[in-house]
Amino acid sequence: MSDVLNLTLKIWRQANSEDRGGFQTYQLSGISTHMSFLEMLDVLNEQLIANGEEPVHFDHDCREGICGTCSLMINGQAHGPDRETTTCQLHMRRFNDGDTIVIEPWRARAFPVIRDLVVDRSAFDRIVSAGGYVSVNTGNAPDANSLPVPQQDQEKAMDAAACIGCGACVAACKNASAMLFVSAKVSQFAVLPQGKPERDRRVLRMVAQMDEENFGSCTNTYECEAACPAAISVSNIARLNREYLRASLTSDA
Amino acid sequence: MNSLVRALTSSVGKKFVMGITGLLLCGFLVIHLAGNLLLYVGAEQYNHYAHSMHSQEWLVNIAEVGLLALFAAHLFLAIRLTTENRAARQQRYELKKSKKDDPTTDLHADSWMFISGAVVLAFLLVHLADFRFELRDLDDVAYKTTTASGEIIDKEPFDKAVALLKNPISRWVYLIGSVLLAFHLSHGFASAFQSLGMSHPKYNGLIRVAGIVFAFVVGIGFASFVVWAYYLE
Amino acid sequence: MAQVMASTLDSKIPDGPINEKWDNRKNELKLVSPNNKRKYEVIVVGTGLAGASAAASLGELGYKVKAFCFQDSPRRAHSIAAQGGINAAKNYPNDGDSVWRLFYDTVKGGDFRAREANVYRLAQTSNQIIDQCVAQGVPFAREYGGLLANRTFGGAQVSRTFYARGQTGQQLLLGAYSALMRQVDKGNVKVFPRREMLDLVVADGMARGIITRNLVTGELETFTANAVVLCTGGYGNAFYLSTNAKGCNVTAAWRCYRRGAYFANPCFTQIHPTCIPVSGDYQSKLTLMSESLRNDGRVWVPKQADDSRPPHEIPDEERDYYLERRYPSFGNMVPRDVASRAAKERCDSGFGVGDTGQSVYLDFRDAIARDGIDVIRAKYGNLFHMYEKITAENPYDVPMRIYPAVHYTMGGTWVDYNLQSTIPGLFVLGEANFSDHGANRLGASALMQGLADGYFVIPYTIGDHLASTKFDAVNEDHPACASARNDAANRISEIMAVEGQRSVDSIHRELGQILWNYCGMSRSAEGLTEAIDSIKKLREEFWTNVRVMGTGEGLNQNLEHAGRVADFLEFGELMVRDALNRNESCGGHFREEYQTAENEALRDDENFCYAAAWEFKGVDEEPVLHKEELTFDYVPLTTRSYK
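Protein chains in written order, with the numbering used here: chain A, 1 to 253; chain B, 1 to 233; chain C, 1 to 643.
Since the hints were made in silico from the structure, they are not lab data. Do not take every clue at face value.
Said to hold, decoys possible - Once the Cα atoms are required to be at most 30 Å apart in a straight line, the calculated DSS-like pairs of lysine-lysine come out as:
(1) C:Lys-627 with C:Lys-26
(2) A:Lys-174 with B:Lys-100
(3) C:Lys-12 with C:Lys-26
(4) B:Lys-97 with C:Lys-389
(5) B:Lys-166 with A:Lys-174
(6) C:Lys-39 with B:Lys-100
(7) C:Lys-617 with C:Lys-627
(8) C:Lys-303 with C:Lys-643
(9) B:Lys-97 with A:Lys-196
(10) C:Lys-37 with C:Lys-26
(11) A:Lys-174 with A:Lys-10
(12) A:Lys-196 with C:Lys-12
(13) A:Lys-174 with B:Lys-144
(14) C:Lys-64 with A:Lys-174
(15) C:Lys-470 with C:Lys-537
(16) C:Lys-30 with C:Lys-186
(17) A:Lys-174 with B:Lys-155
(18) C:Lys-39 with C:Lys-64
(19) C:Lys-537 with C:Lys-303
(20) C:Lys-108 with C:Lys-26
(21) A:Lys-196 with C:Lys-190
(22) C:Lys-389 with B:Lys-96
(23) A:Lys-10 with C:Lys-389
(24) C:Lys-389 with C:Lys-536
(25) A:Lys-10 with B:Lys-155
(26) C:Lys-470 with C:Lys-26
(27) B:Lys-202 with A:Lys-10
(28) A:Lys-196 with B:Lys-96
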C-alpha cells in the first residue's frame, strides 16, 4: 500500500440555509495515509484559499472523538466506514489511492443546513431542556456515598451517558429519528436512583419535544446503533419505549 | 383520557399501536394457519371445522370486525408513519450505505416494510374477494356445484378451497403473497417486541430467531396449500 | 526591562486562620434578597465546567442569566475532553487523605506560585463537588458494593481521584450542562450558542456587557448586564499544536485585558507528558493519553542511544526506566512538569524512540502480565482504542509512544479572592483565571477548580458586587456599547481588507513554532528575546499579508480563525515577556539559566515569589508589571522533591 493518496472529492456546497446547494468536485493529491479525515479537509481548504476560492465549511472542535461537533456523511455512511469512530478519528489509511469520496452534511428536517457541511443541531439541546436532567439545586446534595448504586446499574447508566450528541443516529436512520439520542438520556436517569423521582415526567416531555422537532419515528432498523461512535445500544430505545408506556398508563401527568 | 390519546398519537405511541396490532395479527395468522392445516387431514374434518365455525355466525362477525379494526389501525399507522418519516429526512442523500455488519440483515426486510406490507394487503384483498365475498368468477364454478339431481348448491368448503387454490391467478397471488408475508414478519415480529419495550440481553437473540422461524413457518405454511392443491388430483 | 508598578493589587484574602477564611468571607459578603435577584442580569461567557456550573447555579438563585458559547451547543465546550478524573479529599479509601493534604499537595505541586488561601478553599469545596455531581446523576465508577471508586494521580501519595471511565470531563460537563438546561427550561437562563465574544463593554469603570459576533448571521450583537462572568478556558492554542480543541482561543480574555483587566503569569503553561507524538507537518492537533495510564504503564527509553531495535527485543537490563530511576518515591507518578522535562531531556540526549526520535515508551507489558489483559482493558480500553485509531499500533502488543504536548495554562486573568478581576463586575472562573495552580497543575485538579468556582464560589461572591454597587442604566445605545461595537466592527473590516497571500493557518502554525521552540518546555533569555522580535514580525506580516476568504456576513470559519490568531499574535508576545521577566525556574516554567546540578528547576523565592500581573498599555507598547506578593504561612517554602 502506498503512503500517499490521490483523491477525488465530491463535496456538498451550499452558501447558506436558503441556497439550494449542489455538489462540487475537487482533486487532491499527495495525501498522507497518516492524516485524519479532517486534516485531509484542512489540506483541501489551504489549497482552495491559495486558489482564491472559499474554503469548505465543516463543524469540528476537539478532534479527539469526544465533543460530538464533527459530523459528515462519508460515502453514504455517518462518520465514514469505521465502527465506533467519529470523523475526526477516521484516518486516511482507510482509503485507497484513486478513490472518489462523496461528502454530504447530516440530512434531516430537524437539522437544517447552515452552510456547506455545517448543520444546526440545536433541536438536541431543546430536547435535553425538556427534562433531560435531575432537578437538584447546587448545594443540596447529601454525601455522595449515602446512596449506593449497584455497579451494574452504574455501568448501564455510563453506557448510555457516553452519548456525544453528534447526531449520527439521526443522519443514519432512514426516518431521521432521534430515538437513540433521546433514549440514551432517558436511560441514564431511568436506571439510576437519582433519576427515579422525575422519570415519568421526563420521558413524556422529552418524547413530546422530540416529536415537535419533526424527527421521524423509530422503525427498529438499528442503523443508528451501527453508526453511533459511542456504541450506544438500541436496548436503550426499548427502555425508552417501556418507560414511555409505563408513564403513559400509570402517571398522573 | 386526554393524556392517553396524546400518548397514543405520539411517535412512540404510534409505534406501540403498530406493534400491538402487528402481534395480534400474528396471533390471527397462527389460528388461521392451524385451521387451514386441516386441509391436509381430510375433507371431512376441514368441512366440519368450517361448518362449526359458521354455526355461530355472530361470533364470526365479531371476529371479523375485530380483525378489520386491527388491519385498519395497522394500515392507517403504516401510511401515517411512512409519510411522516419521509418528511423527516426532507432531502435524500446522494449516497447511502448501511453500517450494519450483521449478514442476516443483508435482505433489509426492515427497509421494505411498507412495500412488503402493501403487497400483503393486495394478497389479502384478493383472498377476501375469493373466500369471503366470492367474487372470483362470474359463472360460480368455484362456489357452486350441481348435484346429481341437477340442483345447484354451494360447494363444500374443502372443494371450494381446492378450486380456488387451483385457479392460476390465485395460485401466483397466494404464492407471492405468502413469501412477502414471511418477509414482512421476519422483521415485524421481533420489531414489535422492541416497540413494546420488551428487550433484554438474555432474550433478544431468542426473540430474533423466533421471529425468523415464525416467518418461515407462516410463509411456508400458507404457500404449501397452493403447491398441495396444484398436485392434488 | 518591564516597567514595574508598586503593587496596587488587593487580593482581598479574608482574615483568620486558613481553614476559616472562606467561612469568614461568606459571612461578610453582602446578600441580594430573593425578590431582587431577578432584577439583576448576569452574562456568562463560555459553557465549560466553570461556565455551565456558574450559569446554572446563578440561574437557580434567580438571577437573569445569559450564557454564551462559540460552539453549536453548550455541551461541546472543551472540558468535555478531560479524561482521567477529579480530585476530592473524601478519604473514602481510608488512606490518610484530608482537606489539608489536598491543599498541601496542590500548593507544592504548583511549585509555590499559587495563592494559599484560594488553594485551601479549593480543597475545602472539593468534597461538595463530588456530592453535587453524584446527585445530578453523574455515573462515577463504583465498587461492587455500590460505593464510589478512586484511583491515583500524579503528585499525590493517596487515591483521591474520582472518575467515570476515561471520560470524566465528559460526564461532569454533561452534568453541569443538564443543570444549565434545566434553568433554560425554567426560563432563568437563556443560552446563545454560536456566538463569539469580541469585546467587553466597560461603562463608568465597570464591566456592563459584551459584544458578540453571531457566527451564523455574522451580525454584531450587544448584550448588557450587571456583571460579566468570563469562563473561557485557557490559551494553549497559541502554540497551534496542543491538546486543546481547535476552537479554543484567548480572544475573550484578551479583549478584557485590552479593556483593563490584568493578565497574570501567562508564561505558566503546562506541557503534558503523555500525548501521542507529532506524526507529520499536516498535524492539526495533539491527543492526550490520560495521566491515569501512568498508574500501570512504565515509562522508558533504551539505555543505548539511537537503539533502533523494536521495543520487545530490548531486554530489561538495557532499558532505562528513567522516572523510576530519578524519582524512586513517586516513580512514574511524578507531577506533569517533572515527567515532561525528563522525557525531553532523554530525547534531547539522543535516547528518544520512533522515526523522529521524539518520543518515549509507555509500556503496559508488566501490568498486563500482572493483572491480565482483561483488567487493563476494563481500566483503559477506550484510551487504547483511541491510541490504535490514531497510530495504527496496538498498545496491548507494543508499548505506546508518547511525547509531551501543550495541555493546560495555569496563567490567566488576574482575580482577587472573590474571583473578580481588576475591572469591577468582571469575574473570571476556571482555567481562564490564574489563581489556584501556581506554576504547575496537578492531574485531576482542573475539573475540580472549574466546578468549585462555578458551583460554590461565584454564587456567593457575585452577590456582594451586585448588592454593594449602584447601577446606572446601560443599554445598547450607551456610548460605551457603541464604541465597543464599533471597535469590533472595525477590526473585522481591517482583517477582511488585508487581502494578502498567506493563509491564517500558516501564520498560526508559524506562531506555534516560535512559541514551542523558545517558550515551550525550556526557555532562555536569549531565545525569548529573539522570540519577541519574531512574533512582532509575524504580527506585522499578518496585518499586511493575511488572506481571509468570504465576507463578514454569514458563517465564515476562516474569519473566525483569523480573529483568534490576531489576538494570539498579541498575546504570544506577552507570554514571552512574562517568561523573560521571570528569572527563575518553577513548575512548568523552566529557564535553562536557572537549574540545579541535577537539572531540576531552581526557584528564586527571594525575588520571584509573586504573581506577575500585566497591564495593557497598547499593542506595540510594553505592558506594565504589577506584582502580587505571595506569602506562604501554612506550607513552608521548600524545594519540591519527588525523589
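Hints and how they fare:
1. C:Lys-627 with C:Lys-26: 27 Å, holds
2. A:Lys-174 with B:Lys-100: 13 Å, holds
3. C:Lys-12 with C:Lys-26: At roughly 13 Å apart (the allowed maximum being 30 Å), Lys-26 of chain C and Lys-12 of chain C satisfy the hint.
4. B:Lys-97 with C:Lys-389: Roughly 22 Å separates the two Cα atoms, so the pair holds.
5. B:Lys-166 with A:Lys-174: Since the Cα atoms of Lys-166 of chain B and Lys-174 of chain A sit roughly 41 Å apart, the hinted pair is violated (cutoff 30 Å).
6. C:Lys-39 with B:Lys-100: It is violated: about 54 Å lies between the C-alpha atoms, which goes past 30 Å.
7. C:Lys-617 with C:Lys-627: 16 Å, holds
8. C:Lys-303 with C:Lys-643: 21 Å, holds
9. B:Lys-97 with A:Lys-196: 39 Å, violated
10. C:Lys-37 with C:Lys-26: Status holds; Cα separation ~18 Å.
11. A:Lys-174 with A:Lys-10: 22 Å, holds
12. A:Lys-196 with C:Lys-12: 44 Å, violated
13. A:Lys-174 with B:Lys-144: With Cα atoms ~50 Å apart, Lys-174 of chain A and Lys-144 of chain B exceed 30 Å; violated.
14. C:Lys-64 with A:Lys-174: 41 Å, violated
15. C:Lys-470 with C:Lys-537: 46 Å, violated
16. C:Lys-30 with C:Lys-186: Since the Cα atoms of Lys-30 of chain C and Lys-186 of chain C sit roughly 26 Å apart, the hinted pair holds (cutoff 30 Å).
17. A:Lys-174 with B:Lys-155: 49 Å, violated
18. C:Lys-39 with C:Lys-64: 7 Å, holds
19. C:Lys-537 with C:Lys-303: Not OK: Lys-537 of chain C and Lys-303 of chain C at ~42 Å, beyond 30 Å, violated.
20. C:Lys-108 with C:Lys-26: 26 Å, holds
21. A:Lys-196 with C:Lys-190: 27 Å, holds
22. C:Lys-389 with B:Lys-96: 24 Å, holds
23. A:Lys-10 with C:Lys-389: Roughly 25 Å between the alpha carbons, so the hint for Lys-10 of chain A and Lys-389 of chain C holds.
24. C:Lys-389 with C:Lys-536: Distance of about 39 Å is beyond 30 Å: violated.
25. A:Lys-10 with B:Lys-155: Roughly 67 Å separates the two Cα atoms, so the pair is violated.
26. C:Lys-470 with C:Lys-26: Roughly 21 Å separates the two Cα atoms, so the pair holds.
27. B:Lys-202 with A:Lys-10: 45 Å, violated
28. A:Lys-196 with B:Lys-96: Answer violated: Lys-196 of chain A to Lys-96 of chain B is near 40 Å, above 30 Å.
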